[in-house]
Amino acid sequence: MYCAFYTIISVSLAGLKNMKNWYKIAAVILILYTIIFGMLGVVPRLAILNETIRNLYYHVPLWWAMMLQMGVSLFYSAKYLKGENKQDEKFAFNAALVGILLSIPGLMTGSLWARYTWGTWWTFQDPKLNGVAIGILIYVIYFILRASIIQETTRARVSSVFNIFAFVMFMLFIMVFPRLTDSLHPGNGGNPAFGKYDLDSNMRLIFYPAVIGWMCFSGWLLNILNRISLIKSKIDD
Amino acid sequence: MFNRQLLALIKKEFTLEFRQKASLGGVLVYVIATIFISALTFNKIIAPAVWNALFWIIFLFSAITICGKSFTKESGGAALHNYVIYKPLTFFASKLIYNFIFLLTISLITLFFYSWFIGYLISNFTLFGIVLVLACLGFSAILTLMSAIASKTDNTNTMMSILSFPVLIPVLILVLRISKQAIDGLSWSVSTDFLLILISVNAICIVLSILLFPYLWRA
Chain F
1 MYCAFYTIIS VSLAGLKNMK NWYKIAAVIL ILYTIIFGML GVVPRLAILN
51 ETIRNLYYHV PLWWAMMLQM GVSLFYSAKY LKGENKQDEK FAFNAALVGI
101 LLSIPGLMTG SLWARYTWGT WWTFQDPKLN GVAIGILIYV IYFILRASII
151 QETTRARVSS VFNIFAFVMF MLFIMVFPRL TDSLHPGNGG NPAFGKYDLD
201 SNMRLIFYPA VIGWMCFSGW LLNILNRISL IKSKIDD
Chain W
1001 MFNRQLLALI KKEFTLEFRQ KASLGGVLVY VIATIFISAL TFNKIIAPAV
1051 WNALFWIIFL FSAITICGKS FTKESGGAAL HNYVIYKPLT FFASKLIYNF
1101 IFLLTISLIT LFFYSWFIGY LISNFTLFGI VLVLACLGFS AILTLMSAIA
1151 SKTDNTNTMM SILSFPVLIP VLILVLRISK QAIDGLSWSV STDFLLILIS
1201 VNAICIVLSI LLFPYLWRA
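Protein sequences, first through last, are from chains F and W. Residue numbers 1 to 237, in this note's numbering, belong to the letters of the first sequence in order. Residue numbers 1001 to 1219, in this note's numbering, belong to the letters of the second sequence in order.
Honestly, I wouldn't trust all of these hints.
Using 27 angstroms as the maximum straight-line C-alpha spacing, the simulated DSS-like pairs for lysine-lysine come out as follows [unchecked claim]:
| id | chain 1 | residue 1 | chain 2 | residue 2 |
| --- | --- | --- | --- | --- |
| 1 | F | K20 | F | K234 |
| 2 | F | K24 | F | K128 |
| 3 | F | K79 | W | K1087 |
| 4 | W | K1087 | F | K82 |
| 5 | W | K1012 | W | K1069 |
| 6 | F | K20 | F | K86 |
| 7 | F | K234 | F | K82 |
| 8 | F | K20 | F | K90 |
| 9 | F | K86 | W | K1012 |
| 10 | W | K1012 | W | K1044 |
| 11 | W | K1087 | W | K1180 |
| 12 | W | K1180 | F | K128 |
Here are some chain F residues pointing at chain W (derived, C-beta under 7 angstroms) [unchecked claim]:
| id | residue |
| --- | --- |
| 13 | Y33 |
| 14 | I35 |
| 15 | M39 |
| 16 | N85 |
| 17 | I134 |
| 18 | I136 |
| 19 | L137 |
| 20 | V140 |
| 21 | V158 |
| 22 | F162 |
| 23 | F165 |
| 24 | V168 |
| 25 | M171 |
| 26 | I174 |
| 27 | I231 |
| 28 | K234 |
Think of the hints as simulated: they come from the structure by calculation, not from any bench. Where a beta carbon is used, it is the ideal one built from N, C-alpha and C, also for glycine.
Extracted from the complex, chain F is given alone in its bound form:
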């Protein structure tokens, strides 16, 4: 506990010298807050879900952060095609990398949650699970495509085009299709959304900070990767 507070205070002090680092402080504080109060806080008692409802604070925000990073990746790819600045394409790649990185704990927490509520680690009946599997596949293919072209401008342009097209297809899959069919997830296919009955005001107080915290965290990761690629390109030149 002391260690955690020490980290918060030292990071805040280091960050406060330069106000552009606000999101790093926010990430540390909010994620620590959600871990501590997510475990200690009051949650509604619901059948089947029981205490696993706390996973909402960790599972859902990770996917939101992943979506944000995929969106950032799309933005940089479009920016590259518009402005032809090769750094933008590297940023797009980094953002996709952060997104995939976040999807791994997202998948693991979801799988664990599914084991205790639906009784299985993985099911092919749920369109969201399928969508996520396809999304991860798409971005892995994006990395393979990017690695398979040697010439730099061709690589940048071709992978940007694929990234934009793939993102739209992924969004179609993950946003439109779950609403067409029955899903085990809440809020899809006629199931009532979380907000309807179990996301009470106590949970909201932790859930939304968690979303913001993980988004800030993903921004931090992206910032580090971008700085690495900037340094790399400076060394190469």
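Got chain F; can you put chain W on it based on the hints?
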């Protein structure tokens, strides 16, 4: 001007295709052989779900084979020639329309042999026909762009199939669902929503590929 160029390009594609009959015959033999093997392994298929899945899997693979070679001829000098003379939109549209016509023809032939060898289960043929046309349109839009992407890489054939599968899945799942309804002969009111979604997904695919192609063209 625009239309004349487009027509000339489409005509060129067909002339080239019929000049080398090997690739056309290859696709036909590929499809018929696949259906024959399926007929030998499955005998007669009675379950609509299996019939549906197998048909669209054969369709998927033949579509990737057909559209995968759209841009293999356009390399080096030919690419430069095309780049100077044609607008990207005209060029891409010619490829798309050609692929669409070719895919539609092959899929009708597939349907014919498939029904002959494996059994005919469709109750609502009009709906199935509409789905087939829409599927050909969506697939040709996606696959033409993917083949343009794959042609820029070193191992074109492998990349073509890797790139295509995940992006085809949204269209494929919609198509599978509607064609299942056509086989079961459900009323039109069930399918109209899905058809509208399929049409809008197709529209998104076509618009996106037309928007994105000029960037590949320059690469």
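Outcome of the hint check:
Straight-line distance between C-alpha atoms of F:K20 and F:K234 comes to about 23 angstroms, which keeps the hinted pair within the 27 angstroms bound. Proximity of F:K24 to F:K128 is assessed by CA-CA distance (about 30 angstroms); at most 27 angstroms being required, the pair is judged violated. Restraint check for F:K79 and W:K1087: the C-alpha separation of about 23 angstroms stays at or below 27 angstroms, so the hint holds. Of the supplied pair hints, the one linking W:K1087 and F:K82 holds, its CA atoms being roughly 19 angstroms apart against a limit of 27 angstroms.
Restraint check for W:K1012 and W:K1069: the C-alpha separation of about 15 angstroms stays at or below 27 angstroms, so the hint holds. Taken as a hint, the F:K20 and F:K86 pair is honoured in the structure, with Cα atoms around 24 angstroms apart against an allowance of 27 angstroms. At roughly 23 angstroms between alpha-carbon atoms, F:K234 and F:K82 fall within 27 angstroms of each other, so this suggested pair holds. Restraint check for F:K20 and F:K90: the C-alpha separation of about 22 angstroms stays at or below 27 angstroms, so the hint holds.
Between the alpha carbons of F:K86 and W:K1012 the distance comes to roughly 37 angstroms, so the proposed pair goes past 27 angstroms and is violated. Under the criterion of a C-alpha separation no larger than 27 angstroms, the hint pairing W:K1012 with W:K1044 is inconsistent with the structure, at around 41 angstroms. Our distance criterion of 27 angstroms between C-alpha atoms is broken by W:K1087 and W:K1180, whose separation comes to about 40 angstroms. With a CA separation close to 22 angstroms, the supplied pair W:K1180 and F:K128 stays within the 27 angstroms bound.
Because the smallest distance between the Cβ of F:Y33 and any Cβ of chain W comes to about 37 angstroms, over 7 angstroms, the interface hint for this residue is violated. For the restraint placing F:I35 at the interface with chain W, the shortest Cβ-Cβ distance is roughly 34 angstroms, beyond the 7 angstroms limit, so the hint is violated. Annotation: F:M39 was flagged as interfacial toward chain W, and the flag is violated, the nearest CB pair being 37 angstroms apart, outside 7 angstroms. Using the Cβ-Cβ criterion of 7 angstroms, the hint placing F:N85 at the interface with chain W is not satisfied: the shortest such distance is roughly 14 angstroms.
With a cut of 7 angstroms, the hint placing F:I134 at the interface with chain W holds, because the nearest CB-to-CB distance is about 5 angstroms. With a least beta-carbon distance of about 9 angstroms to chain W, the hint placing F:I136 at the interface is violated under the 7 angstroms criterion. For F:L137, the suggested interface contact is upheld, since its CB lies about 5 angstroms from the closest CB of chain W, less than 7 angstroms. Interface hint status for F:V140: violated, as the beta-carbon distance to the closest one in chain W is roughly 9 angstroms, over 7 angstroms.
Residue-level restraint check for F:V158 holds (minimum Cβ-Cβ distance to chain W is 5 angstroms; threshold 7 angstroms). Nearest Cβ of chain W to the Cβ of F:F162: about 6 angstroms, under the 7 angstroms cut. The hint holds. The beta carbon of F:F165 is positioned within 7 angstroms of a beta carbon in chain W (closest approach about 6 angstroms), and the interface hint is therefore held. Checking F:V168 against chain W by beta carbon gives a least distance of about 6 angstroms; that is within 7 angstroms, so the hint holds.
About 10 angstroms separates the beta-carbon of F:M171 from the nearest beta-carbon of chain W, more than 7 angstroms, and the hint is not met. The interface hint given for F:I174 is violated, since its Cβ lies 10 angstroms from the closest Cβ of chain W, which is over the 7 angstroms cut-off. A least Cβ separation of about 27 angstroms between F:I231 and chain W goes past the 7 angstroms threshold, and the interface hint is therefore violated. For F:K234, the suggested interface contact is broken, since its CB lies about 25 angstroms from the closest CB of chain W, more than 7 angstroms.
Of the numbered hints stated above, those contradicted by the structure are hints 2, 9, 10, 11, 13, 14, 15, 16, 18, 20, 25, 26, 27, 28, listed in ascending order.
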